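*Asks:* When you get a sec, could you build the whole thing from the sequences and use the hints?
Just so you know, the protein sequences line up as chains Z and D, in that order.
Per the working numbering: the first sequence = residues 56 to 191.
Per the working numbering: the second sequence = residues 60 to 687.
Lysine-lysine pairs mimicking DSS-like chemistry, simulated, CA-CA at most 25 angstroms apart:
(1) D/Lys542 <-> D/Lys483
(2) D/Lys490 <-> D/Lys544
(3) D/Lys579 <-> D/Lys542
(4) D/Lys517 <-> Z/Lys154
(5) D/Lys485 <-> D/Lys496
(6) Z/Lys154 <-> D/Lys447
No lab work stands behind these hints: they were computed from the structure.
Since this is a predicted model, take the numbers as computed values, not measurements.
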Amino acid sequence: MFDRYHYLYVEDDPLSQEIMRMIMAHGMGIENPVIFDSSQDFMKRILGLNPKPEIIMLDIHITPLDGFEMLGLLRSNRDFRSTKIIALTASVMNEEIEKLRLAGFDGAIAKPLSLHTFPALMQQIIAGENVWHVAQ
Amino acid sequence: MTAGNLWHRLTRPHPSITDIEVVRQSRLLAGLIIILLLTTGISSILLIVKAGGTIPETVNDLFPGQAFMVVIYFLNRSGRYRLSAWLFVGTLFIRIHMLPITSGDITWLFFTSMLLIGSAILMSGRVTIILFFVSLIYQLALAATHASVVSMSNFGTLIVFLVTTSLLLVFINHRSGLEKERQQELRDINQKLRESEILLEKRVADRTRDLEVAADVSKQVTTILDLHELLANLVERTRTAFDLYHVSVFLFDSETNTLNYEAGTGDAGKNLKAAGKKFNLSDEKGLVPLAARGLKSVLVNDVTAESNHLVNPDLPNTKAELVLPMRVGERLIGVLDLQSTKAGRFTTDDLKVLTSLAEQLAVAVQNARFYGEQVEIAEKLRAVDTMKSQFLASMSHELRTPLNAVLNFTEFVGLGLMGPVNDKQKDALNKALDSGKHLLALINDVLDMTKIEAGMLKLFVENDIDLKQELSTAIVATQPMLKDKPVTFVQDVDDALPLLIGDRRRIRQILLNLLSNAAKFTEEGSITLSVKKRSEMILFAVIDTGPGIALEDQTLIFEPFKQTETGIQHASGTGLGLPISKRLVEAHGGQLWVESQVGEGAGFYFTLPIHSVELAQTIEFAAGGAHV
Chain Z
56 MFDRYHYLYV
66 EDDPLSQEIM
76 RMIMAHGMGI
86 ENPVIFDSSQ
96 DFMKRILGLN
106 PKPEIIMLDI
116 HITPLDGFEM
126 LGLLRSNRDF
136 RSTKIIALTA
146 SVMNEEIEKL
156 RLAGFDGAIA
166 KPLSLHTFPA
176 LMQQIIAGEN
186 VWHVAQ
Chain D
60 MTAGNLWHRL
70 TRPHPSITDI
80 EVVRQSRLLA
90 GLIIILLLTT
100 GISSILLIVK
110 AGGTIPETVN
120 DLFPGQAFMV
130 VIYFLNRSGR
140 YRLSAWLFVG
150 TLFIRIHMLP
160 ITSGDITWLF
170 FTSMLLIGSA
180 ILMSGRVTII
190 LFFVSLIYQL
200 ALAATHASVV
210 SMSNFGTLIV
220 FLVTTSLLLV
230 FINHRSGLEK
240 ERQQELRDIN
250 QKLRESEILL
260 EKRVADRTRD
270 LEVAADVSKQ
280 VTTILDLHEL
290 LANLVERTRT
300 AFDLYHVSVF
310 LFDSETNTLN
320 YEAGTGDAGK
330 NLKAAGKKFN
340 LSDEKGLVPL
350 AARGLKSVLV
360 NDVTAESNHL
370 VNPDLPNTKA
380 ELVLPMRVGE
390 RLIGVLDLQS
400 TKAGRFTTDD
410 LKVLTSLAEQ
420 LAVAVQNARF
430 YGEQVEIAEK
440 LRAVDTMKSQ
450 FLASMSHELR
460 TPLNAVLNFT
470 EFVGLGLMGP
480 VNDKQKDALN
490 KALDSGKHLL
500 ALINDVLDMT
510 KIEAGMLKLF
520 VENDIDLKQE
530 LSTAIVATQP
540 MLKDKPVTFV
550 QDVDDALPLL
560 IGDRRRIRQI
570 LLNLLSNAAK
580 FTEEGSITLS
590 VKKRSEMILF
600 AVIDTGPGIA
610 LEDQTLIFEP
620 FKQTETGIQH
630 ASGTGLGLPI
640 SKRLVEAHGG
650 QLWVESQVGE
660 GAGFYFTLPI
670 HSVELAQTIE
680 FAAGGAHV
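*Replies:* Given below as structure tokens:
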């Protein structure tokens with residue numbers, strides 16, 4: 056079921072990248088998802104992807120473009136107007152979650168990611184739900 | 060009853076007579092009639108006795124007169140004083156003037172003078188004068204027509220008139236003198252009254268002006284809090300109110316030991332301020348440093364005679380100067396300098412008023428300085444607050460990111476994803492995982508509490524919270540804690556619960572906290588979770604059969620970073636769960652409380668409103684913002 060979609064994760068922390076790989080491999084059966092380790096040349100790189108990802112997960116605190124800026128670029132491109140774009144954040148501040156919602160993200164998943172909860176949340180997102188996962 | 064008393068009663072005037080003068084006259088008239096009746100009565104009796112019991116003709120003649128007097132007496136007593144006085148004086152007047160003709164003895168006329176005196180007392184000076192001229196004309200006529208009667212002695216008649224006239228004039232003069240004195244006295248009193256009234260008005264006006272200036276001082280302090288503006292306004296206000304030439308304020312700078320020209324009136328004020336006019340506190344000359352050094356006012360009502368006075372080219376017309384120290388206690392704040400073009404302008408009264416003005420000014424300056432300091436402090440605090448909030452945000456990020464790796468990799472290893480692990484290793488890894496999770500909970504609690512205390516807690520409000528789902532999540536999470544204990548978990552939840560408005564994660568957090576507390580402290584018995592719909596709210600209750608909470612601890616458990624003895628023994632909490640839960644419930648517009656007795660278990664109750672207007676507005680605001 057998960058393997059019908061293509062995923063992109065933008066994350067600069069190598070540990071988080073590895074955790075994501077493990078969770079996707081063992082919890083979702085997805086091997087080798089596409090991961091960008093910075094937001095450098097973001098649009099150029101994403102437009103070069105084939106196949107085009109249907110689900111994009113963006114780290115918020117990343118350089119040179121932050122999560123909001125990447126979202127803005129994606130939403131201004133017709134090809135990504137309906138792509139599921141999820142924010143991944145370590146923040147527990149509700150102000151930030153509120154900001155994410157207002158900015159136009161389709162959902163947010165709070166770190167730490169968990170092998171037990173992440174696959175279920177992805178399932179909800181694929182089913183078309185907006186997930187605002189701010190659980191501890 | 061004494062004779063005096065009887066006399067008093069017999070002469071008492073009618074109560075309708077209130078004028079003190081008329082009362083006296085009425086009393087006198089009554090007394091005169093009584094005396095007249097008594098004397099004529101006694102002499103009549105003597106005459107009758109002398110005549111051997113028969114009534115002589117002379118006595119007989121007296122009767123009508125006596126009877127008439129009695130009538131007048133009662134007329135007087137009945138309140139008709141004027142009429143009775145006229146009748147009395149008139150009757151006697153006519154009788155006396157008839158006597159020379161009937162008796163042929165002109166000496167009767169001698170009584171005219173007494174009658175005229177009586178009329179002056181009983182009636183008025185004008186009546187007396189009229190009667191005097193009537194009597195004069197009558198006597199002249201009598202002399203012309205009844206020469207035989209008057210022939211006795213023209214000399215005697217003259218004496219009668221002289222005596223009468225002089226007595227009369229003396230009396231009238233005396234009376235009018237009295238009257239004049241009395242009027243003068245009244246005029247004096249009136250004058251004094253008017254003077255004190257004017258004085259009072261002036262004092263009131265002065266005091267009002269002082270108060271107005273003083274009130275302005277305090278008003279300025281609370282409204283215009285900029286020191287420069289405050290002083291500029293005050294000097295102008297004082298100059299106008301006291302009609303002075305120049306008013307200025309020097310402020311003392313303790314670091315440089317100088318008195319700096321801070322504000323002054325008019326062009327001179329502008330010039331001096333621009334030129335940076337200042338005195339050194341140790342300057343020998345100059346009234347300003349003199350007053351400042353001594354913390355005492357310096358009054359010079361004629362500056363030409365004062366060696367300490369320095370002529371200021373900007374203020375050439377100064378003739379009198381008053382320099383007042385502005386002080387708070389023994390602390391020199393500055394000086395208030397007042398100058399006038401009139402020598403001798405400053406009175407002791409002015410000195411008093413202006414001294415208190417200088418004192419108030421000193422307090423105002425000090426307040427303004429304090430205010431300035433406080434604004435600075437407040438700005439610093441705001442900066443600290445922003446830093447704190449940024450620190451919190453980065454804390455949550457920086458602490459949780461590495462912990463994320465720790466928890467996940469430990470779990471991956473434990474699950475055998477990195478290769479096979481034996482049971483001993485698995486157990487150790489699970490312990491590491493539990494500790495890591497506990498650490499995460501601690502971090503979250505501390506961050507939550509810090510946010511609450513900083514007033515930065517924001518709810519993530521949703522309006523479709525299905526309580527059933529949140530309850531089951533919380534119950535499932537609590538079950539493992541009870542699996543080795545003889546504790547029954549009882550659910551008493553209403554079947555139909557409405558969707559709630561609120562922060563889903565926070566509501567779950569509250570439920571989890573109360574349930575895990577109950578599970579933690581209950582060794583045997585039961586834990587009951589009850590959720591009931593009550594009109595406008597949902598009432599939650601978590602009731603256990605644990606050790607209970609002593610009354611004195613029941614407020615302590617809601618205070619952050621505090622744990623009771625029992626709580627410390629369990630040592631697995633942060634002591635923050637209940638304080639956070641209470642604040643979270645309150646942030647939702649509900650209440651959280653405990654009911655417990657030692658040895659009888661504990662019941663934690665909380666309410667959440669079903670329709671919270673405030674929370675609903677938060678959502679609308681967020682939704683409205685999303686369209687922008």
